[in-house]
Structure formats: C-alpha cells, structure tokens
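Novice: Can you build the whole structure from these sequences, using the hints too?
From first to last, the protein sequence lines stand for chains Z and X. For the first sequence, the residue numbers in my numbering are 491 to 817. For the second sequence, the residue numbers in my numbering are 403 to 569.
Worth flagging that the hints you see were computed from the coordinates, not collected in a lab. Given the structure is predicted, the values throughout are model-derived calculations rather than measurements. Cβ coordinates follow ideal geometry from the N, Cα and C atoms, glycine included.
Not the full set, but computed from the structure, chain X residues with beta-carbon under 10 angstroms of chain Z: (1) Leu418; (2) Val420; (3) Leu427; (4) Ala429; (5) Asp436; (6) Glu440; (7) Val481; (8) Trp493; (9) Gln497; (10) Leu509; (11) Leu524; (12) Glu530; (13) Asp557; (14) Leu559; (15) Thr564.
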Amino acid sequence: MNDPHQITADAWIDAALGELHGERPSRSPEARRPQPASSGPRRLVTAAVLLLGLAVPLAIWLSSPGAGSARTAASFQDPTQDPGPAKQAACKVLLIGTPNWDVRYTRTALLRHPGVALSTCLAPVDPAAGKPTRGANEREKTVGIPQSLEDLAEFDAVLVLGRPPSERSAAQDVATAARSSRSLLRLTHQYVQAGGTALVCVRPEFLAAVANDEELEPLVPESLAPAKPPEGSAPHVVGPILITPAGETDIPAAGKAAPLASWTERVKLARPGQAEEAPPALQIHSEGEGTAIAVSPDLWRIRASGNPQAFDHFWASVIEHCRPRQK
Amino acid sequence: MFREIPRHATPTELRLEVWRHLRFLGAPSSAADDLVQETMMIWLEKRASLDPGRDPAPWLRGTARNLWRRTCARPHPEVLGLDDAQLEARWQQLQGEDAGTHRRAALAACLESLGPRGRRALALRYGEDASREAIAQALGIRAEGVKTLLRRLRDQLRRCVTERMES
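Specialist: Below you can see the structure in the form of structure tokens.
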C-alpha cells in the first residue's frame, strides 16, 4: 500500500481510534502553556537573575571533590560528540516518579547524556504483561517500583523526583500516596547509607511523608521546601516568563496565574549583595557510605529560563556525582 | 508589554493539535507527550522572531514533525516517509476547519455500527493496548488472525467515515 491518500487516512483513523478509546495527552501544566512574553529587556533580566540564583549553589557544588568537568557538560549538548575518557562506563541511573511534565524534562535530559544508562519507574508495572501499564517510553529500560535494597543495588544513582507511580493520583488517595512516598524514602535512605548516590526532589508529598522524622532529614531537608502559595491564589504555578524579581507587580491576577512565592523569594534574595541569604537550590550530604542530594522542586524552571542549555548542564553536573558503586 | 497570542487557537488547543498531529505521524502517546513539550518550548523561545499575525499551528506541526523524525526509531511509520508538503496538505484536509471534530464524530458513529466482536477487538487494541496474543485469546481466534481482523476493521471504518463526510 503506497497510496499517500490511504496511508494518511489510515494514520488519522489509527490516531483517532486511540483518542476515542480514552487516550489523551498527559495533563499539561500551566508552566507549559506559552505565556505572554514580557518585553525583551525584562526577559533578559529575568533570565540573568534566574541564572545568578543558580550560580552560587552550582559553583559550590562544582568545586566539591569529584565535581563535573566542563568537557562532560559540553558533550552533554551534542550526543554525536565523543564523550572521551571522562566516563569509562555508563552510569546506571534509576529515575522514579510519576510521569508528569517536569519528570519528562529530566528524563529527556538524561536520555541525551552519553554517560547515562537510564532506567525508569514512572508507571506501575502490569505483572501479567511484564511492562508498565502506561506512560512508558521506548527509549529507556522500565522497571517496577523498588521493594527492597536488592532492587536498587544494580544502580549507581537513584533519582526520586516524585512519589512512586500509582494507578490512583495523590489527590484520589492521600493516605496511600503518603505511605508509598515514605516507604520509598526509607528504602532510598538505606540505599544511600549502603554507599549509593540518591537525589530527591523535595516535593510537598515527601515533606509530609517525613514530617518529624529526623532520620530522613538529610534526604529531604525542610530548608528546600517550597513556600505555600498566597492565600486564595490558584494552586498552579506561573510560567517562566512571568517570574519577576520581587517588587514588580505586573504578574497576572490570582486565579489566572499566581506568583510562585518560593521562587520569587529566591530570585529576590539572590540579587547581588544578597546571595548569602539565598535559599539553596540544592543540598548535598554525605550520609553513611553514600551521598544524598536534595534539590528544589523549582528546578524545572532552569529549563524554561531562556537558556535551555542550563538544564542539561545541571543534570550533567548531577551525573558527575554518580560514581560506580563499590559492590 | 505582553505580546498578544494570535486568536487562531488557544495554547491548549495548539498543544492538542500538535499532539494529535504527532499521533497521526505514528508517535506513541508517551513520545507525543514529550515532543509536544519540546515543541512548545521551542516555540516559546523563538516566538519573538515569528510573525505574531500568522497562525502558529503549521509552524508547530512542522517543528514537531522534525523532532519526531529525529527521534523516531527505525523502522519509521509509513506516514512519516511522506514529504512535508504532502503531509501538511493531507492533515489540513483530514482535520478540516473544525480541528477534526466532525470527522471524529463520524468515526465514533461508524464505530457504533460495527459488530460487538469488532468493537471488542478495537477496544482491546486501542483502549487497553493489548498485545496481539491477548486480543487473540480474548476473541478466541489465532494470533495471526488479529492483524487481519484489525486491518479489515480499519478499512471498514475508513470507508464509513469517508461516506459520512461526503454525505
């Protein structure tokens, strides 16, 4: 069959049948909605301030022992470039979370990294089919939710970017979401103490799960908690273009796009002369035999800051922390 | 000052349009999600250099196509082998002026006209992403027969949709 007319008609029907049977694009965040662009100079200022806010913690991090080389960061951008001897073997990374848009950003960035062998746990695995029930991408290996330390042992690094995947949303079942988050964090903690490298994105569900648990504080430090949105504002966050340093008031009215207080604060505090007061975008701890890295849930904004390379650079640096484990 | 978004479609509609186009090009749902995201980010970055008075949909579709061609593993879906102009023309023809609403309604009506076995097969294939073996087991036929059955059903639906749209 080579008739373009029929090929396209069949392709249309194929796609439409999926939709008629319930297939939908994943829910897009407000941040992915193209926002009205601010004027050029403001956009530049916003991008500069955002990057400045990241520069301090990144500089501290990059100057730490075992920090990433510029070469790796550069080669991250070009998958065709020989990554050279900087990495002898691919770092086995496990990414855990729910398949939402910011997890996808990270997954895409990691897939571009030549030094990463990515496995993901972004959807529950159907035991009968032996594959994730949904959301699986063909480009990476998919695994089920880790249940024991043995399940994590093969990985050099574990990135926990959200609660473990579930057929029910956190809103549908708050108790289960908290339980599963807690269980995952406990396992991750054991993994770090045994010598692994784990990165946890400090999301509200994790903060709730580890409330009053000093043991897990190195994994989920409260200092990285996002601030609550202003009273009465919509729960979603604004797009990157609309983030302005504090003091500017042209953020759209609440209800359409609420200012993200935590990030605005960081931008404000990271202005020149005030950087020492800036809350960190990430924290690194030596914990047991391993390393725990905690990152702010606002990190996706690097991707949307007007400098897309910054996001890949960030993850390149994270991966440099990943060392083959002493087995 | 904020730049006005052209009135042709809301951003949500544009995202859905790009997602549907990628699905039309054979992108699996998850890949389409990723590529829509990338496409919209590229648009966000380049929007200042685009003509604000023009409908952004063709530009977005073209960008999404390029991204999908770049990332699509071989073998490519057959439809992706067609040239851009052909694809764009056919897409616009298939979607019509209502973003495919009428055509989808016609397809839904045609789907209802199928027998229960056909509907069950399509529900398993498209609703549950069931394997050929699983469909065969559910319908009590051989696995090799499933491919033929699905092809016949699609042919039947295509003819039915064409007739309805023409009438």
